[in-house]
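J.: Listed here are the chains, written in short residue letters.
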Amino acid sequence: MRKDVIELDHLSKCYGDYVAVNDVNFAIASGEFFAMLGPSGCGKTTTLKMIAGFEQPTSGRVVLDGVDVSAVPPYKRNVNTVFQQYVLFPHMSVFDNVAFGPRSRKTKESDVRRSVMEMLEVVRLVDFAPRKPSQLSGGQQQRVALARALVNYPRALLLDEPLAALDLKLREAMQIELKRIQREVGISFVFVTHDQGEALTMSDRIAVMSQGVVEQIGTPSEIYRSPATLFVAGFIGSANLLPGVVTSTDGVDLVVKLEIGSTVKVAKGDNDNFVVGSKVSVMLRPERIRPTSSIPANGEGIEGILTDLVFQGPTARLILRLANGTELICITDAWRDTPVQPGDRTSVTWERDCGYVLAGWPDRAGATTTNVDQIEAAL
Amino acid sequence: MNTSTTSRRSGTTRRQFLAGTGALGALGLSLPALLAACGGGDSGGADSLFFENWPLYIDPTEGATLGTVDRFMEATGVKMTYTEAYNDNNEYFAKIQPLLGAGKSIEPDVIAPTFWLAGRLLALGWLEKLPLDKIPNAVNLEPSMQNPTWDPTGEYSLPWQAGMAGVAYNIDVTGRELKSVEDLFDPAFKGKIGMLTEMRDTIGLIMLGLGKDPSTVTSFDDAAGAFDKLDKAKSDGQIRAFTGNDYTDDLVSGNFAACVGWSGDVLQLQKDSPHVRFVIPEEGGTSWADVMVVPKGAKNTDAVAKWMNFVYDPAQAAQLSAYVQYVSPVKGVQEELAKIDPDLAANPLMFPDETTSARLRSWATLTEEVEAEFDAAFSRITGA
Amino acid sequence: MNTTLLVPARQRVGRNADRVGLGALIVASTCLVALGAGWVGGAFRPVVVLVLVAVVVGLLVLVAIGGPQARRLLAPYGLLQPGILWLALFFLAPVWSLLRISLSTKPSRFSVDYTFSWAFENYTTAFRDFGKQFEHAFVYAAVATVLTVLIGYPLAYVIAFRGGKYKNILLGLVVIPFFTSYLIRTIAWSTILADRGPTVAILHNVGLVRLFEVLHIMNNGQLLNTPAAVIGGLTYNFLPFMLLPIYVSLEKIDTNLVNAANDLYSSSVRAFRKIVLPLSIPGVFAGTLLTFIPAAGDFVNAQFLGSPNTTMIGNSIQDQFLKQNNYPVASAMAAVLMVSIASLVLIYTRLFGTGDLA
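Chains as they are written, first to last, in our numbering: chain A, 82 to 460; chain B, 233 to 616; chain C, 9 to 366.
Just so you know, the hints here were simulated from the structure itself, not pulled from any lab data.
No residue lacks a Cβ here, since even glycine has one placed at the ideal position from N, Cα and C.
Any given hint could be a false lead.
Claimed, not checked - Pairs of lysine-lysine residues, derived as BS3-like cross-links and limited to a Cα-Cα distance of at most 25 Å, are as follows:
#1 Lys-114(C) with Lys-336(B)
#2 Lys-366(B) with Lys-411(B)
#3 Lys-528(B) with Lys-114(C)
#4 Lys-189(A) with Lys-213(A)
To be verified - Rough simulated footprint, nothing fancy, chain A against chain C, three-plus residues with beta-carbon under 8 Å:
#5 254–266
#6 283–292
Claimed, not checked - Okay, the calculated bits of chain C under chain B, using three or more residues with CB under 8 Å as the criterion:
#7 43–53
#8 116–126
Bound conformation, chain A alone (with noise of 0.2 Å):
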């Protein structure tokens, strides 16, 4: 077992009557790559910044390998961070900038040179070392500001949206960068994100966050696959969710009878308690249902009719109307013929352990939307 590098323990942060963040609690681990993601206004930012020490907790403690900082200021926290818009120092060189922590802890001028040439080194920028910030590209000054925070090993680096601020292209080769670096150092990475598909892609562990209160902790995968609430599985990945109340129950499935009307079967999970009456959601994802033009005889199925159907390369968007007006995603493999064409009756079938059933009806039945453009206009 790894030891935990930062604690938060009961942590919250009020500003007046409004509660940013809400008796948050999780450990990270040295050397681990975690994950605050939800969308703006969660509590990420202001969970990180208290772990920076720019934000004071209202109450509960920040402990930093094994000591209790809440009341220590920014500068004596051997955590380094990363900011949104990099903030450089613009009147300092590249090399300058590096330079600024060691010199700030009054570190010897040739190892200062040193350190900052490695760092310089590792974020593959030696030669722009006498370089104005200005003179920089968006990802050059990234990795600047990775080096500075880098140059001083902190216990932790706490990065906050580091990407948001490049292109997409840009942002994708970062990511891998990323990852790169933090193998190649070994330091903690705690960052901040509102986008999921760079948290699966980068987390060793996500915490997802949702007005103050962290909703799961887990792998990209648990979470993806096991997700704990609506609002996880809404806003990791894509979801159709069908609301329904549990009819049955015999130890393996559960049946649920779906407000659209059909009865399905999912099989139970290991943690499930839902008895019959329990409001549940089903959730399938789009990519593990199948369009079909009958339902099997021993599979699951809803029917409904296809409205559009979108090439997108390797896979094919579906989207079925059900009966009642609630939206399907599903998503096949383009290289397989789909069997039915936009207007046809058509059904989505599914193997019964692909559905999950969770607590609750969602706000809106059927698909929450996967285009991270959406998610970002809908914040």
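Given the coordinates of chain A, work out where chains B and C should sit on it, guided by the hints.
T.: Chains B and C only, in chain A's frame:
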């Protein structure tokens, strides 16, 4: 700035008003001057008149009592503009010189420079002859003031008021009565002494204190001692400021313990501020006259004649004197004033008796070269 | 038609349009300086005006007939024209006049004309008689500038970083007094600091007079009439000129830069020294120029708050211009003041210039 057709001063606002006038005047920012600078010489039809005069030099309308300007307008129908932007002779000369020197006219129809400046303006040919044939009251001019050396025919000037320069002081600050020029150099008043930028009054008084007579000056050497004394007092920090007519404000407020001042100003100020005093020093004081002259190119000569005739009527002049308390150049004023205020009629500062007159000296007329030398030496001391 | 004839001419004109433009610019500027500085008088004046108009009209004609090539070549001169002509009329011409009069003599004492005669003695007089006033001007202005930095910087800092929602109100409070006339404010100070005024009375009551005398803030029991009063007046009057540029440069600083410095193990003091201060130096630099230059030429504060022993060169220039009518010496003094300030500014810019941040 007070550019209204009537003089609107009142006792309560006089101080602020003076500060404003003095300050703006000192900076050459007066509105009439700006208008004058624009080259406009015509301030209206034949029935208008513009008189630019020194501050504290006219009786304002106070309640039901009409001032001279309003009485004049009522009596003649002339629309009169009276301003108090004349703060200092040299400064005013500098303002009008570029215009009159270039043959252009200035806005005012009448100005009241001190006699020596009137002499200079006359010598430069910048004055109009007075329409004396339309001023029958001109015969009332005091005989002693007729045909001065600088205007031997008397055709260019009629005195507005005469007076004396002496020591003015604020007894709240001095704590004692003053009586000598030497009191201005008392170290107890260090940094609290005012001197006038009017060179003849400041240097004249110091000369008298040194036993020299300014009425017989012919060369700079005669006054060199006075300049040295002034220079030393300035370097020692004895002198707070060199001022124009705006000295009255510092005197009343107590920033000046004492200063060189003009008799009538101080007598007027005493009405509101009994703690200011004026004395002709025992060593003697200077006497002078400010004279009404018409600058070249003035248009409203008829109105000028009416005005001069009006103020040379002893009854009118007496009312003016009762307020400004200077020495009136008009014969018969003492008798008229006795009817209004017998005390004033007996005031030797307004009607100098033999003994008073004997202590007063009027400056000799300086040749241009000598005057230039005096002015240069004086401006070097005043520094600013 | 004669278009065939026009074409080669047009091409020739088009090729040389830039030279024509430059020539026209020089001729027009010279005309303006000549008119502004009064080089020409009498009958020649209309001639110069005519030349000026002809040049401008000629250029417009050239633009009209010259075709696109000429227009392209002329465009830079056309764009330069207003600025250059403005400079010629409102800077070169007055400076030329000033320098000319400063080397002139008056034919007679009350003359309004001046004869140019290489009269360098005007400069001798300026230095000999007014050395003290020059010294006062530069020393008082320099001290006042330093004081405005010492007062203005913390004030601007507090407003920019701690002002929060009161920022605009606080800025307003700084600026609003300056809606009143400069003169009135200065005279108001002379009333506030008067010998028998409230301030001196309070100082007497709390027994600070002796201390202030030792510090040379008071002299002889007076707050007025001292160099300190003049410097204080200058400091007060020019404070906004220092505060506002500093505020602007501080306001532009991203507070996250300070957070970043804190995060990188810098205490607030070091963060200020290494980040905030260097980034606000352009504001201090601009404020210094905006304060020092007018303060060195000021005469109002010395007149109302000072004594005859604290006169500044501005007072002397004003006196020579407006009372003594001595335009040549006044011009010489003004020229010396101008050149001194320009040199000081140049040296200052070289030493502390922040070109790479501007």
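J.: For every hint, state whether the structure bears it out.
T.: Verification of the supplied hints:
1. Lys-114(C) with Lys-336(B): holds, 20 Å
2. Lys-366(B) with Lys-411(B): This hinted pair is violated, its Cα atoms lying about 45 Å apart.
3. Lys-528(B) with Lys-114(C): Holds. Lys-528(B) to Lys-114(C) sits at ~23 Å (cutoff 25 Å).
4. Lys-189(A) with Lys-213(A): Holds, at roughly 23 Å.
5. 254–266: holds (count 3)
6. 283–292: Our answer is that it holds, as 3 residues pass the Cβ test (under 8 Å) against chain A, meeting three.
7. 43–53: violated (count 0)
8. 116–126: Answer holds; 4 residues pass the 8 Å Cβ test.
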